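Student: Chain by chain, the residues run as shown.
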Amino acid sequence: MNINLTLIAQAIMFAIFIWFTARFIWPPLMNAVERRQKTIADGLAAAEQGNRSLKEAEVRVQTIEREARAKAQAIMADTEKRATAMIEEAKVQAKTEGGRLLAAAKAEVGQEVERAKATLREQVANLAVIGAEQILKREVNSGAHAEMLNRLKAQL
Amino acid sequence: MTAETAEQAVEHAAEHVLTPSSYIGHHLTFLEKPVGEGGFWILNLDSLITGGILGILVFGFMYWVVRGATAEVPDRRQAFVELCVEFINDQVKGLFHKDISFVAPLALTVFLWVLFMNAMDFLPADYVAKGLTAIGVPEFRIVPTSDVNTTFALALSVWLLMIFFSIKVKGFGGFIHELFCAPFGVKPLWAAPLLMVFNTLFNLIEYISKPLSHSLRLFGNMYAGEIIFLLLWVWAATGLAGTIFGGLLGAGWAIFHILIVVLHAYIFMMLTVVYISMAHEHH
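For the protein sequence lines, the chains are A and B, in the order given. So for the first sequence, our numbering puts the first residue at 848; every next one is plus one. So for the second sequence, our numbering puts the first residue at 162; every next one is plus one.
With the rest of the complex left out, here is chain B (with noise of 0.2 Å):
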């Protein structure tokens, strides 16, 4: 680094101070409310306003257009909603063989919320932050699903609808049995006992791993998408070259992220649907 462009670079780090990591730091920190005493008293409004926001566009545009649905030749709106729900609807019925009246709309909800929640990651970050500062609101993670609450807000949903459901098929006292019971049996009774030390660990294991990694995941594939970006825009304050390979090579991630965004979703709705069938399932 010459001379001059050292003298440059100190005189703006006095004056915005941003470097690489502040940079990087700033996109990553949430705008917190805190709404009572300690650390977990805190609302992450920006995941919250932007899930909202996103959830009463997503229903509401198919609320409209399912109320204006009909049974004769449907429009090009109705057709396109009809093909989502559709393909929903294949995906749950070949993995949920029993009643989904309930598992397919939650797979819909699950699948397009977590879709669009993802899709805000092709929101130009600085671009949507300087607009955000602009109007007095310095700190806004737009992501929802990098947003670790998010997800295991999700997942640990799925996780009560699981356990829900598996009373629900077998009963309490069948639940119960399972939980002791299960994958192994206790069929030799003199080894009865160690069997179900083993039943129980395996259950608790699977029971906590389980929304482990059906939230972190989705989190882990989010988060790293959005630092990715972020690494590439950082290379836009090396000059014109890198703010030039910067944009080739984040047009092409963001190309490969709309596979991940997708995918991730997918992969989200598949898991939910196949945790719950799983719960209807007897040992």
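Pulled out of the complex, with its shape left as it was, chain A reads as follows (with noise of 0.2 Å):
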């Protein structure tokens, strides 16, 4: 083991190879390594923020679910409400209606009967008259007698 001029020539050597690491070898490797970290990190924060704004969603769409839910049950409500307040309604101005066409049937009816009872009794009395002509006929004036069986028609 003696010293010699490998000292000095493994030494060169020695602050080739260092030099030679530390310019073409730890800079780009470290970089790209530093580079990489970075791009994860970026993802995991991505991921991070995309699982925070799908909760929110979440919750938006549950919100907005309860609202519809809730506007469409009350549009049924309402609906039915309506519903049956016009079948009320219907009901009412049906029998209002049937009770005023009864009424005017009845009274179309009263009216014929009146009607028929005049006739009927027009023709009694020309009946009588007639009879009472064919009993009488020469005693009885008929213009004479006019007013005795106009009095006898009304009685009728």
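Just so you know, not all the hints are guaranteed correct.
Quick list of simulated restraints, FRET-style, between CB atoms [unchecked claim]:
| id | chain 1 | residue 1 | chain 2 | residue 2 | range |
| --- | --- | --- | --- | --- | --- |
| 1 | B | HIS338 | A | ASN898 | 40 to 48 Å |
| 2 | B | ALA412 | A | ASN898 | 54 to 62 Å |
| 3 | A | TRP866 | B | CYS245 | 47 to 55 Å |
| 4 | B | PHE248 | A | TRP866 | 15 to 23 Å |
Here are the simulated lysine-lysine pairs, DSS-like style, with alpha carbons at most 27 Å apart [what the hints assert, rightly or not]:
| id | chain 1 | residue 1 | chain 2 | residue 2 |
| --- | --- | --- | --- | --- |
| 5 | A | LYS885 | B | LYS259 |
| 6 | A | LYS938 | A | LYS953 |
| 7 | A | LYS953 | A | LYS942 |
| 8 | B | LYS291 | B | LYS194 |
| 9 | B | LYS371 | A | LYS885 |
| 10 | B | LYS254 | B | LYS371 |
Simulated from the structure, these hints should not be mistaken for laboratory data. Being a predicted model, the structure only gives us computed values, none of them experimental. Ideal placement from N, C-alpha and C gives every residue a C-beta, glycine not left out.
Fit chain to chain and form the complex, with the hints in mind.
Tutor: Printed below as a string of structure tokens:
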């Protein structure tokens, strides 16, 4: 183990290797590693962000759903109420109309009856006058007894 | 030893002169190339070549992966490299609380390079030696970190960086001040000269012991590991039973050595970071 020029030669070689590593190996590799670390960190942050917004969206969706359901229920209840009201109204209207029609029919019938009675009375009166004329032929003056006959007609 | 085997041994020795010490000595001989006069001007080509090839392979592979690196989903290759780099990054961040843009790549370089240089211990020494002898390289030490020059080169580089950062952070004045006035301070003014002597001694010892312990810890462990492998392989010279036991124990030691190899690469890296981190601290 004697020291010789090898020492200096090896030291020079060592210096060259250090320079080479520090210049061409370490910086680019660490650069790549750090860039990748940043990419991964960014990706994780983005995933976290995505998760959070997904949760937010879910909450929003639930709110909207609840609101929509409540609105639909309100609309249904309203519609039912309105339908009931319409049915009731229609019933009332129908009843009124029916009553009116009945009354009109009754009135018409009454008028018909009155008219038939009047005609009948007239015809009876005429018949009576004709009969009386037949019976009384001469004695009875139709002109003189017209007043009495009309009174009789009214009594019938 | 019977006469017959002794005769054989003598015959054997006469052919190759292969004794345990020559075997081990052979495996512990560097491929040296003198480049000038004197004992210092020698290059251990084996350490340099193995270290260089490993560094080029490892950092070339890293560069190849990094060049195709993407910030999107990484492929398996990139994921593996990122795993290593993230591991180093975490370790450094745990120890060093300032700008790590230089210290972290330094730690990565130290860890990977030392790890792979240590791992050369797993290559079967004799196969490598036979192969290299066949192509005309009789002596070659395959583990650069069991060469004290390599570990000292690393430790002294770290030591210089330590001093550089100490001066950079505290200024030259602050560095000198700390050399004389830390860690005991100069508070009772009457004792100041004495305290300054102690401070200086303390700092000197620290500055000397740091690179020594840093480099020798790695060197010692790798050298010892190599020697133990060689001793186990020497057993194979005693016959079939020795070969089998040597193989079994060698496998056991290799498994244990995986731990040592990784552990010492890790320790070397951590100490590097700790020393440079300490250089940033004010006293």
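Student: Decide, hint by hint, whether the structure agrees.
Tutor: Against the structure, the hints come out as follows:
Roughly 59 Å separates the CB atoms of B:HIS338 and A:ASN898, a value that falls outside the hinted 40 to 48 Å. Against the hinted window of 54 to 62 Å, the Cβ-Cβ separation of B:ALA412 and A:ASN898 comes to about 56 Å, which satisfies the hint. Our hint of 47 to 55 Å for A:TRP866 and B:CYS245 is violated, since their Cβ atoms are close to 19 Å apart. Look at B:PHE248 against A:TRP866: about 22 Å separates their beta carbons, and that is inside 15 to 23 Å.
Taken as a hint, the A:LYS885 and B:LYS259 pair is honoured in the structure, with Cα atoms around 22 Å apart against an allowance of 27 Å. With a C-alpha separation of about 22 Å, the suggested pairing of A:LYS938 with A:LYS953 holds against the 27 Å cut-off. Distance restraint check for A:LYS953 and A:LYS942: the Cα-Cα separation of roughly 16 Å lies within the 27 Å cut-off, and the hinted pair is therefore satisfied. Restraint check for B:LYS291 and B:LYS194: satisfied, since their Cα atoms lie roughly 21 Å apart, inside the 27 Å limit.
Restraint check: the Cα-Cα separation between B:LYS371 and A:LYS885 comes to about 40 Å, which exceeds 27 Å; the hinted pair is violated. Distance restraint check for B:LYS254 and B:LYS371: the Cα-Cα separation of roughly 22 Å lies within the 27 Å cut-off, and the hinted pair is therefore satisfied.
In this structure, the earlier hints numbered 1, 3 and 9 are contradicted, and the remaining ones agree with it.
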